[in-house]
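**Q** Listed below are the residues making up each chain.
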Amino acid sequence: MSSNKLLDDGSDWTFEKLDSYHQQIKIVAQRYRLDTYPNQIEIITSEQMMDAYSSVGMPIGYSHWSYGKKFIQTQQGYNRGQMGLAYEIVINSNPCIAYLMEENTMTMQALVIAHACYGHNSFFKNNYLFTTWTDADSIIDYLVFAKKFISDCEEKHGIAAVENILDSCHALMNLGVDRYKRPSKISMHEELLRQQEREQYLQSQVNDLWRTVPKSDDLDSLIKQRIPSEPQENILYFIEKNAPLLKSWQREVIRIVRKISQYFYPQKQTQVMNEGWATFWHYTILNTLYDDGVVSEKFILEFLHHHTNVVYQPPYHSQYYNGINPYALGFAMFSDIRRICEQPTPEDRQWFPDIAGSDWLDTLHFACKNFKDESFISQYLSPHLMRQMKLFSVTDDAAKDHILVDSIHNEMGYRQIRDNLAKQYNLSNLEPNIQVYDVQIEGDRSITLRYYPHQSIPLAKSSDEMLKHLHRLWGFEVKLEQVDDAGEVEMLGTCPKRKA
Amino acid sequence: MAHFIDRRLNGKNKSSVNRQRFIRRNKAQIKKAVGDAITSRSVTDVETGEQIVIPRKDLSEPFFHQGKGGKREQVHPGNDKFQPGDKIERPPEGNGSGHGSGQGNASDSGEGNDEFSFEISRDEYLDLLFEDLELPNLEQKEVSNITETKVVRAGFSSVGLPNNINIVRSLRKSQARRIAMTGSKRRELRVLEERISNLLASNASPTPEIEQLRKDIAHLKQQIKKVPFIDDFDIQYNNYVSFPCPSSRAVMFCLMDVSGSMDQATKDIAKRFYILLYLFLSRTYKTIEVVYIRHHTQAKEVDEQEFFYSQETGGTIVSSALKLMHNIQQARYPASQWNVYGAQASDGDNWADDTPLCHKLLAENILPNSRYFSYIEITNRAHQSLWDAYQELSEQKSQFAIKHIKEVSDIYPVFRQLFEKKLA
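Chain order of the listed sequences is A and B.
Residue numbers for the first sequence follow my numbering, so the first one is 1 and each next one is one higher.
Residue numbers for the second sequence follow my numbering, so the first one is 1001 and each next one is one higher.
Looking at chain A on its own, in the form it has when it is part of the complex (with noise of 0.2 Å):
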């Protein structure tokens, strides 16, 4: 390695310029065992990105006019310099598509290259999450088939009619993953074989779940036959495949939104490892680049002057403060696991007898393939980072007066505030928890969801416009049920309204 020769470090970009980057970014990062996907690396204009912003970062995506609207917005800011554009946007697909945008400096393209197209790259490869809950072979695929088929959907029933289920869908995509249960992998070919058999299927499924009139021996076990036999979490799914009145094309635009909704839902869940993955690995790949002679010093300097902005964190009362920085709580875990794992302190060998010591590369790769961010911060979270970000958890209850600070970075708090930030980023305690309760199958098929508030924080004021999304889906009564921690059931609201 001693052997490198310099690589220009002019400004300006050129196609030899970033293979010759690319070459050197790689041969770092296999050194440091990142397994990734093969990438395949775009060049777009800042319209382009603007694109692909606008369709929440799918390469492909069927047309909705709620993209128009986040793109109108997008190039506003944009435009009035209200907002820069991100350096890079990824795809978990295979091969790993990562696009570059080309007002980017030459250091801006090896960073975006060492964050997106190995750090990225990698995370989307190993982490449990994404292995088995996200198919990255096929997702491209199965984007142009959405795309193929809601635009035949709309040459054959109308634009009105399919925006009105994609409105809909759209509103209860959150409620349309399984949290729990493992999907099926999809893939295209599969899906275009299967689903004209599916159409027939379900819809004759359909009309018999519906049948009224069952012969006479068979009624009492009908009547005690409870629907859904357990609450279903999925909402989208459980319309989908039980709501009486939908046409067969009209459910698989809802899977098509379901299927999406997955594919995106084990991102949400791991931000802080993800991007903090990525950012520790532009870091310490280009800083590896720096002590190996690649890369000049005007080089690291920029680089450096990037890295500091994506990492930093204001503090609580800043006017920029808005909430912890994904990117700098996970980089600064990261690196501290590599601290904590080449100079222990006293401390780190009694929190983290296991990895103190230990070989931090190894330790760094069983953290990124095994943990999403609520698991990952009450594992790795340690005083040394409580005390450097100067954490501190506060209580903010409606019934009294007052916020109140439980616990700070001191030896009392810190098993606390590690406790408290986890389950900040536990999904489930942040989007309300609704569940199909039941369905009428006998007198006026409506259907009762139930919302079960997480420490009697309630439902927002949208839910009344939510009811009536169900409702048009459903197409028969929707009910709304809060059911509080005593049990108690309270009635929040019904589509149609009733008459009081």
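The set of hints was computed from the structure by calculation and includes no laboratory data.
Glycine included, every Cβ here is placed at the ideal spot set by N, Cα and C.
Hints should not be assumed to be uniformly reliable.
Claimed, not checked - If you anchor each label on the Cβ, the simulated ranges turn out as follows:
1. LYS468/A to LYS1027/B: 16 to 24 Å
2. ASP19/A to LEU1161/B: 54 to 62 Å
3. ARG338/A to ALA1028/B: 56 to 64 Å
4. LYS1027/B to ARG80/A: 43 to 51 Å
Keeping the supplied structure of chain A fixed, place chain B upon it in accordance with the hints.
**A** Same frame as chain A, now just chain B:
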């Protein structure tokens, strides 16, 4: 191995479909905004798009989420003064330092009455502005009436001008002729040449027969050579014919009363109306000429600046302007070649004796030559004799329409009424 792909030249407007969807969905609000905007728009500004503001609540994408209240624990960085057990005042409304969920784009949709504003392009603006409107009476004029022609290619001909020679076709014909005219002679030639070579092979010494053959061959070659390389009737010319086509030219006559009773505000209203008409015509016709005629007791053709901004005093004789319009139209814009549109704005004042003359001029001279003639009266007072005369005329003639405008905000609705698509 990584692939670098340059996507910069790929389709730029990937989102334009989505943008169109967005506009489609919010058409009602956007259209209202466009209608409102036309009244506040700078009158000379016809080339730009428009800033559209629509209420944000119509755009919300609701989703189930947790509301305020309940009990939350949050971890924040940068403690500088707190000890466990400290009590902090709850920050006034808004999220303040709360919500450290790291979730990024916590959407604010569903709440807040912010307005969503964005820019639409000129074309989008005009589309929305003139949606459902059409130029009346287009079908009444037959194509036979329209004598404008367009030169189009019409195959090939054997006569024509030298600059229209089609070289490829000409040479192709020449070659065909040469092949046809020399075919039999070449066949003969081949036979003779074969015989001579046979004879030469069998006996070495020249015989009279060989002599004869040589002579014949020379003769045939001569004849073949005499066929000309190119002949007059080989030459082909590109052929062009002229083809009648609907005229794409329009002339718009703006007639305005500039007598003392017309103040600047009234003129501005008229101007906005003219601009709308101009924009609307520009969607149908490629070239539009505008003729400005202003009048008090006398009419005069003027330029735009003078038309809108110079002040005159005196009485009003409307017929003078109509006469001038007719003369100009006859002299410069024959109805067979031009689509003639007239727009007259006035506050309704006229010399009482002049009104019957106006009626007559319009009915006999102007309307037969025009596609459409609109009259708007901008006044807050009662109508006078001119209005009555025109009203009578407008009931008889379909290409004549009159409307009454009271204030700026009436312009766009009145314009829409004038050009509304009439269901057959």
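**Q** Name the hints, by number, that the structure is in violation of.
**A** Going through the list in order, the structure violates hint 4 alone and respects the others.
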